[in-house]
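Peer 1: Construct the entire structure; sequences and hints are all you get.
In order, the protein sequences belong to chains H and C. First residue of the first sequence? That's 90 in the numbering used here, and the numbers climb one at a time after it. First residue of the second sequence? That's 90 in the numbering used here, and the numbers climb one at a time after it.
By construction, these hints were calculated from the structure, which means they are not laboratory data. Worth double-checking, as some hints may not be accurate.
Which copy? The list can't say, so a pair holds if one copy fits it or any two copies do.
[Stated by the list, open to error] Taking lysine to aspartate or glutamate pairs in the DMTMM-like style, the calculated list, with each CA pair at most 25 Å apart, reads:
(1) Lys207 to Asp146
(2) Lys364 to Glu329
(3) Lys226 to Glu269
(4) Lys104 to Glu345
(5) Lys136 to Glu299
Protein chains: 2
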Amino acid sequence: MCLSTASKAYTDRQKRPPVFHHRPDSAVKLGQCNIGDYIALNEDESKHACVVLRLKDGDLVELYDGYGTVVSGRLAISGGGPLRGQDNEDVSKKNNSTRLRRKRNGRVAGVFLETEPKHYEQPHPQWLVAVACGSLKGGRGDWMIEKLAEIGAAGFIPLLTERSPRIDAGGTSGREERWERLSISVMKQSLQPYKMALYDPCSVQELVSEYLDQDKAVAFVGVEDAQPLHPFWVSSVPQEFGTGLIIIGPEGDFTEAEIQILEDHGTYPVGLGNKRLRTETAAITMLAYMTVAQSL
Amino acid sequence: MCLSTASKAYTDRQKRPPVFHHRPDSAVKLGQCNIGDYIALNEDESKHACVVLRLKDGDLVELYDGYGTVVSGRLAISGGGPLRGQDNEDVSKKNNSTRLRRKRNGRVAGVFLETEPKHYEQPHPQWLVAVACGSLKGGRGDWMIEKLAEIGAAGFIPLLTERSPRIDAGGTSGREERWERLSISVMKQSLQPYKMALYDPCSVQELVSEYLDQDKAVAFVGVEDAQPLHPFWVSSVPQEFGTGLIIIGPEGDFTEAEIQILEDHGTYPVGLGNKRLRTETAAITMLAYMTVAQSL
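Peer 2: See the structure below:
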C-alpha cells in the first residue's frame, strides 16, 4: 500500500465522532437499548462533552461500554443556564472564559440513540500483562497503564512478589480510580470498543493458578539473558492461543521459589535484547513486540 | 536457558559498580588516559556520587564517555568538611539529614583510574528515531526520550513538519539540557557505554538528504493501515543495513508534499496494528519491535 492511500484512511478515521463511556454496571445496559432511547452521561463524561470538547446540542457522538458494545446518537444538553446558539452571546468579554466554563460545568449531557447497539468481538489472542510494579514511583505506574492500554493489552494484573509485596509502595492513593480513568480515556482516544480490564493484585502462585490454567493460555516471562524472544516467537510459539500472558518481575527479580513456580507451570522465559530495562519499560517493550508480531 | 540461570546472571549484573559520565568534550579525553590518572567528576556527577548514591572514598566506579569508552577506578572525595569513617559522627540527631546533605553537597568527587580505557563497538544496526514531536505536551516528550534511550535508540532527531513546525510548542524551556540529562541518566542506569545522540531539529527534506543517503540506511515510516510491519520485516527487509531510520509523523499526519518526499526516497511505510497510537507511543512501539526482532 502506498503512503498516500494510507494517509487518506488515517484522515478519514480522524473524522469519526467523539466517544463517551457508558459504565457497564449502570442500571441501563447499552446492549439492551433501542433507537430513540435516552442515555444520560455521568458527571465525568458530561464534563468532557460540554467543557473539554465544547460539544453542542445535537452533535453526533458514540457510546462504548468498554466490553465491545457501541451505539451512535445525538447529544442532548440540559442545565447550566439558557442554551443559545452561541455560547458567548450572553457573557461580557471580562471573565468570559471563567463564566463560560462555570456555565458549562453545570450542564448535563445525554444521548438520544440513533442506531441499534452493535457488538464487536474482542481481538485474539488477548494479552494480559502481569507486572510486579510495587516499586514504580513518580508516575511510572500511571504511565505504564496508559501505554499498555494504548498498545492493546486486554487486561492488567498487579503482581505481588516477595521483593515487591505492595502496589502503593510510593504512598500514592486513589490508584484504582486513577488507573480506571486512564484506561477509559485511552479507550475513547483510540476508538477501540474494549477497555483494558484492571484485575485485583495477586501473587505468583495465584497468577499461575487463575490465569494459566485457562484454555489455550501461553505465558512469557521477561528474563534478562534468556533465549531471545523473536526467533523463539517466529519458530516455536504455538500460533493458536486464546490468552497470552506477559509476566514481568520486580526490581531485584523473582525469588528462587517464585521462579520455580513459574517453571513448573510451563511459562517461557524470554529475553528482550541485551539492555537492562526498567520494569515498566520491559512490560511495554514485550507487549509492543507481541502486538506488532501478531498483526499479519 | 532455564529461568534460574538467567536469574543468576541478572543478579551478577546488578553487582556492577556505579557508572558516571565523563563529558567527551572535556579537555581530558577518557580514551587517552592511563592507569593512575585522576579524572575529576563535574558538579552533577559529584553530587550524584556523594549525595544521591552516598559513595565513599575508595569505592569502585566506572566512567563512560557515552561514545563507547569505559574505564574503572576508585573514587576520591574531597571538600565539604572533614571526612570521617562514619558520616554522622559529627552531627547531632536534630537536623541530621539536612546538615549531612549540605556537607555532602560541598564535596567534589574524582576518580583514580585502575584500568586502561576500553573501547566498545556500537551495536549494529544503529537506530535513529525521527519524530514530529511538536505537539507533545505534559512531559510526553521527556518520557519518550527516556524510553527511546532505554530501549536502545542510537540517536533522536526532532522532526519539523508543516503540521508540527516547532518543538517547544508546549512552551517548555531548557528542552535540550533536559533531554541531554535524561539520555546520560539512562546510559548510566542501563550500563551501556553509548549515550543516545540528540540531533538538531530538521525538516523532512533535510532528514532524507542527510540521513537516508548514508551507506546502507533503511527507513521505515509509521503509517496507519499500511502493510503490517512483522511479515514485511521477516520476509522482505534487507537484513544487512548499518543505519535504521524510524520516522513518525505528527498528529494530523504528514502533508501530501512531505509524503511525496518520503516516497521518492524509498522509505517503507509500515503499520503497527489496528490501534490508533499517539505519536510518542508509535515511536516507542516501533523501536521496541525492531530491537527485539533483531536480537537473534
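Peer 1: All the hints need checking, so say for each whether the structure fits it.
Peer 2: Results of checking the hints against the structure:
1. Lys207 to Asp146: Only inside one copy: Lys207 and Asp146 sit 24 Å apart there, 69 Å across copies, limit 25 Å.
2. Lys364 to Glu329: between (30 Å within a copy, 21 Å between copies)
3. Lys226 to Glu269: Classified as both; 18 Å inside a copy, 22 Å across copies.
4. Lys104 to Glu345: Between copies only: 18 Å across, 53 Å inside.
5. Lys136 to Glu299: neither (38 Å within a copy, 47 Å between copies)
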